[in-house]
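*Asks:* Residues per chain, in single letters:
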Amino acid sequence: MKEIEYWIWITSLEGLGAVKARTLLKIYKHPEIIYHMSSQELVKTRLLTDKNIQELLNCNKRERISEIYSSMVKHNIKIISIFDEIYPDNLRQIYDPPVALYYIGKFEINAFIIAIVGSRKTTSYGARSAKKLSYELAARGTRIVSGLARGIDRIAHEGCLDAGGKTIAVLGCGLDNIYPPDNIGLFDRIVNSDGLILSEYPPGMPPLQRNFPARNRIISGISSGVLVVEAAGRSGSLITAGYALEQGREVFAVPGNIDSAYSGGANQLIKDGAKMVLEVNDILEEFPWGEKIIADILKEDLSNNFIKQNSKSNFSIFRGLSTEEIRMVKIISNGVHHIDEIIEKSNISAKEANNFLFMLEMKGVISQLPGKIFELCL
Amino acid sequence: MVSKINSCALTGINGRIVEVETDISNGIPAFDIVGLGDTAVRESRERVRAAIKNSGEEFPVRRITINLAPANLRKEGSVYDVSIAIGILSAKGAVNDNELNSYMFLGELSLDGEVKPVTGILPMVSCAYENGIKNIFVPEANADEAAVIKGINILPVKTLMSIIEHLNGKKTIVPYMIDIDSLLISNARASADFSDVKGQASAKRAMEVAACGAHNLLMIGSPGSGKTMLAKRLPTILPNMTFEEAIEVTKIYSVSGLLPQKASLITARPFRSPHHTISDVSLAGGGKHIKPGEVSLAHYGVLFLDEFPEFGKAAAEVLRQPLEDGEICISRANSSVVYPAKATLICAANPCKCGFYLEPSDKCKCTPRMVRQYLGKLSQPLLDRIDIHTEIHSLGYDELAARESEESSADIRERVNKARRVQLERYRGMGIYSNSELSASLIKKYCELDRYTSALLKRAFEKLGLSARAHDRILKVARTIADMEKSEGIKSDHIAEAIQYRSLDRIRV
Chain A
1 MKEIEYWIWI
11 TSLEGLGAVK
21 ARTLLKIYKH
31 PEIIYHMSSQ
41 ELVKTRLLTD
51 KNIQELLNCN
61 KRERISEIYS
71 SMVKHNIKII
81 SIFDEIYPDN
91 LRQIYDPPVA
101 LYYIGKFEIN
111 AFIIAIVGSR
121 KTTSYGARSA
131 KKLSYELAAR
141 GTRIVSGLAR
151 GIDRIAHEGC
161 LDAGGKTIAV
171 LGCGLDNIYP
181 PDNIGLFDRI
191 VNSDGLILSE
201 YPPGMPPLQR
211 NFPARNRIIS
221 GISSGVLVVE
231 AAGRSGSLIT
241 AGYALEQGRE
251 VFAVPGNIDS
261 AYSGGANQLI
271 KDGAKMVLEV
281 NDILEEFPWG
291 EKIIADILKE
301 DLSNNFIKQN
311 SKSNFSIFRG
321 LSTEEIRMVK
331 IISNGVHHID
341 EIIEKSNISA
351 KEANNFLFML
361 EMKGVISQLP
371 GKIFELCL
Chain B
1 MVSKINSCAL
11 TGINGRIVEV
21 ETDISNGIPA
31 FDIVGLGDTA
41 VRESRERVRA
51 AIKNSGEEFP
61 VRRITINLAP
71 ANLRKEGSVY
81 DVSIAIGILS
91 AKGAVNDNEL
101 NSYMFLGELS
111 LDGEVKPVTG
121 ILPMVSCAYE
131 NGIKNIFVPE
141 ANADEAAVIK
151 GINILPVKTL
161 MSIIEHLNGK
171 KTIVPYMIDI
181 DSLLISNARA
191 SADFSDVKGQ
201 ASAKRAMEVA
211 ACGAHNLLMI
221 GSPGSGKTML
231 AKRLPTILPN
241 MTFEEAIEVT
251 KIYSVSGLLP
261 QKASLITARP
271 FRSPHHTISD
281 VSLAGGGKHI
291 KPGEVSLAHY
301 GVLFLDEFPE
311 FGKAAAEVLR
321 QPLEDGEICI
331 SRANSSVVYP
341 AKATLICAAN
351 PCKCGFYLEP
361 SDKCKCTPRM
371 VRQYLGKLSQ
381 PLLDRIDIHT
391 EIHSLGYDEL
401 AARESEESSA
411 DIRERVNKAR
421 RVQLERYRGM
431 GIYSNSELSA
441 SLIKKYCELD
451 RYTSALLKRA
461 FEKLGLSARA
471 HDRILKVART
481 IADMEKSEGI
491 KSDHIAEAIQ
501 YRSLDRIRV
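So the protein lines, in turn, are chains A and B. First residue of the first sequence? That's 1 in UniProt numbering, and the numbers climb one at a time after it. First residue of the second sequence? That's 1 in UniProt numbering, and the numbers climb one at a time after it.
For the record, the hints were derived by calculation from the structure and aren't laboratory data. Wrong hints could be hidden among the right ones.
[Said to hold, decoys possible] List time: in silico EDC-like cross-link candidates among lysine to aspartate or glutamate, alpha-carbon distance up to 20 Å:
1) B:158 <-> B:57
2) A:26 <-> A:108
3) B:232 <-> B:411
4) A:363 <-> B:462
5) B:491 <-> B:448
6) B:491 <-> A:84
7) A:345 <-> B:406
8) A:61 <-> A:32
9) A:51 <-> A:84
10) B:458 <-> A:361
11) B:232 <-> B:310
12) B:491 <-> A:325
13) A:363 <-> A:352
14) A:363 <-> A:325
15) B:365 <-> A:259
16) A:106 <-> A:89
17) B:158 <-> B:193
18) A:20 <-> A:50
19) B:491 <-> A:361
20) B:198 <-> A:344
21) B:313 <-> B:359
22) B:491 <-> A:324
23) B:463 <-> A:162
24) B:377 <-> A:352
25) A:61 <-> A:5
26) B:463 <-> A:96
27) A:29 <-> A:5
28) A:345 <-> B:280
29) B:486 <-> A:352
30) B:463 <-> A:375
31) B:363 <-> A:259
32) A:20 <-> A:32
[Unchecked claim] Listing some non-contacts, in silico: residues in chain A with all C-beta distances to chain B over 10 Å:
33) 3
34) 4
35) 28
36) 37
37) 42
38) 56
39) 176
40) 184
If you're wondering where the values come from, they're calculated on a predicted model, not measured in any experiment. A virtual CB, placed ideally from N, CA and C, is assigned to each residue, including glycine.
When you get a sec, could you build the whole thing from the sequences and use the hints?
*Replies:* This is the structure in structure tokens:
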């Protein structure tokens with residue numbers, strides 16, 4: 001058997017947690033030794049339950065390994081063990097590092113990495129902030145890691161890719177199976193842009209619910225800091241933030257409205273001592289040592305650049321606002337409003353409102369959200 | 001001794017002359033009816049025999065053969081009773097038959113010789129008129145319906161006896177007339193009124209636009225936001241029906257036997273709101289004797305489908321073709337029938353399973369996947385046929401309480417009528433009555449944009465990522481909005497508003 005097959009074997013054992021696997025490896029140095037141990041020897045280790053031992057001695061192990069191996073070949077999945085030199089140091093130092101990592105893409109990870117996490121359901125505010133911060137961090141040379149989930153995760157990856165950065169996605173299932181399936185396009189984009197997709201689970205592992213909290217420890221583990229953009233009172237992002245604290249990482253959070261259910265968790269983090277992030281420098285100044293990597297190459301204000309890029313209006317007919325339109329903008333300026341509310345407050349007809357709001361949208365001043373709700377653009 | 005009497009058969013909502021031929025000859029006494037009649041036609045032998053006897057005439061004890069020509073056309077129902085009876089009486093010389101072929105006879109007989117009402121009178125009278133028949137006997141109960149057709153003498157009768165007396169010149173029946181113009185104007189409406197609806201300015205505006213141009217409309221909103229309330233009030237602002245429209249609608253109701261007693265013409269646009277358990281057949285039409293479905297019964301009116309995603313897939317999808325073509329062809333083993341189906345479709349739907357997806361609060365517990373699945377039930381081909389999307393927002397208590405007076409239906413209706421008149425004028429003689437019926441070539445002709453406006457439309461498409469199919473819908477709706485202002489050309493603000501009604505093209509979950 002090849003060495004890699006022993007590593008595949010040890011990651012494919014059901015019920016053998018990362019801590020036990022790590023301890024076994026510390027003692028016996030190589031999975032090959034563990035592979036050939038008899039049941040008496042295994043009992044003597046005093047680490048394993050009967051169930052563990054049964055699993056380790058499972059006679060089908062050869063078939064399982066070859067199955068995983070062929071799937072790896074098919075999907076171009078590679079594996080790296082904790083003894084490898086390129087295994088991220090950050091991750092090696094946590095309490096329960098995965099003994100091996102499966103990956104697709106280019107494994108060069110010892111860079112300055114920030115995790116951006118948040119809830120799957122977002123408001124337009126959350127989406128905007130995640131995109132902006134991810135874009136700016138990436139433009140300054142930071143790597144962004146997230147979980148390839150819907151919502152903030154996705155936006156964080158996209159923001160990084162938009163800035164031409166490299167991003168890392170950590171999955172809670174086997175790499176042969178992209179979950180959620182709507183992010184397959186994003187998955188390809190990450191791989192094609194020299195990014196990296198990681199998972200501690202062997203191919204064939206379905207996206208089980210319990211995998212995701214465990215996946216979060218890797219997200220925080222490989223990063224230097226974790227930024228929580230939007231998280232409800234009870235959210236997986238808070239689990240990531242919890243791991244980050246345990247692992248000694250910095251925790252950052254973007255504040256939200258105090259009455260917003262989408263920001264309850266993020267606000268609570270700030271209250272508990274996480275650093276409030278209003279702009280990208282709030283994150284970067286915490287890592288003076290990272291400056292070498294980051295190198296503030298871009299002198300001009302990226303944030304302004306970003307806005308310019310996103311509201312190009314080279315059509316002369318769309319320039320300038322009428323007095324009526326300015327009135328509408330003032331009404332919309334404090335939050336989001338349904339069209340009926342705007343009609344009510346501005347005392348104009350539904351017809352006029354439809355017209356003004358459309359023109360403002362075309363001019364890039366406001367944007368329309370599902371449900372005929374309007375808000376001011378950045 | 002052969003006599004020929006005119007009667008009428010129905011195919012769809014059109015009548016077809018049926019000649020009732022009667023031969024009385026010597027031989028073993030018998031009474032046969034041939035000519036592809038159904039059970040009701042065969043049973044008419046017994047009714048006719050008794051009715052003749054009880055009207056004081058003698059039923060000939062000879063060999064009687066009745067042929068309903070053309071013999072290859074299926075004949076249904078009891079409408080031939082009167083003509084068969086008159087045929088027998090004429091063949092035996094009991095009625096003066098000098099001018100019998102200028103008459104048509106319709107009606108069912110009861111055993112005592114009374115003439116009973118039948119369904120489908122209006123299309124039959126209309127057919128008689130088109131075929132140059134001058135006088136028509138109709139059951140008295142159907143007289144109001146028949147009198148809608150001018151230029152033909154409507155002779156309402158109560159008994160077989162009175163027909164015989166009229167034909168023999170003993171007691172003349174006075175032709176029945178009604179004043180149609182007054183019918184079209186007197187238009188008693190339902191008790192609901194738009195002034196009951198507080199707020200919802202944008203939804204009301206969308207409904208007004210939909211009513212003006214007969215555009216299909218989709219309302220999306222959380223439970224309790226007032227979708228059904230708004231839809232129920234839509235009939236109160238629909239424009240008046242033209243006489244031609246009224247005739248066509250009445251024909252449909254007449255053949256389906258849904259015309260109310262003593263009603264002559266349906267002058268209020270129909271409003272049909274079937275429950276979502278409806279089958280595809282009852283929505284499209286069908287059955288052994290093919291009857292119009294809800295989509296035809298809503299012809300020139302409104303077909304309201306509440307809780308649209310709950311409708312069966314088959315039921316919703318049968319609407320696609322009639323919504324496009326304005327008619328529906330129903331084919332069964334023994335016949336096929338075309339019914340008109342130019343209904344305005346109004347749908348109401350929740351945005352997600354729990355219904356709160358579009359609300360700003362976090363009440364909605366649906367995952368993005370569930371939302372997509374729910375909205376996915378609105379099939380794309382069907383959505384493509386809906387011109388106006390509007391989102392309805394729940395009102396808070398303060399908004400409900402603070403509101404004073406709202407515009408009444410009558411005021412809105414007046415504007416709608418004006419806008420519809422503009423369209424009727426423009427499309428005179430083209431067989432269409434509203435902007436929603438515009439074909440691609442007519443859109444090109446009537447929905448031209450100036451340079452500025454088309455630049456705006458182009459930019460909107462780029463910026464909002466609208467789909468190509470939205471293009472024609474936007475132009476049609478913009479045309480209606482322009483008509484509401486009596487504007488000759490389509491201006492930028494008309495286009496702007498029309499684009500606002502394409503919100504479902506942008507919702508991306």
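*Asks:* Just pull the numbers of the violated hints for me, sorted ascending.
*Replies:* 2, 6, 9, 17, 21, 24, 26 and 28
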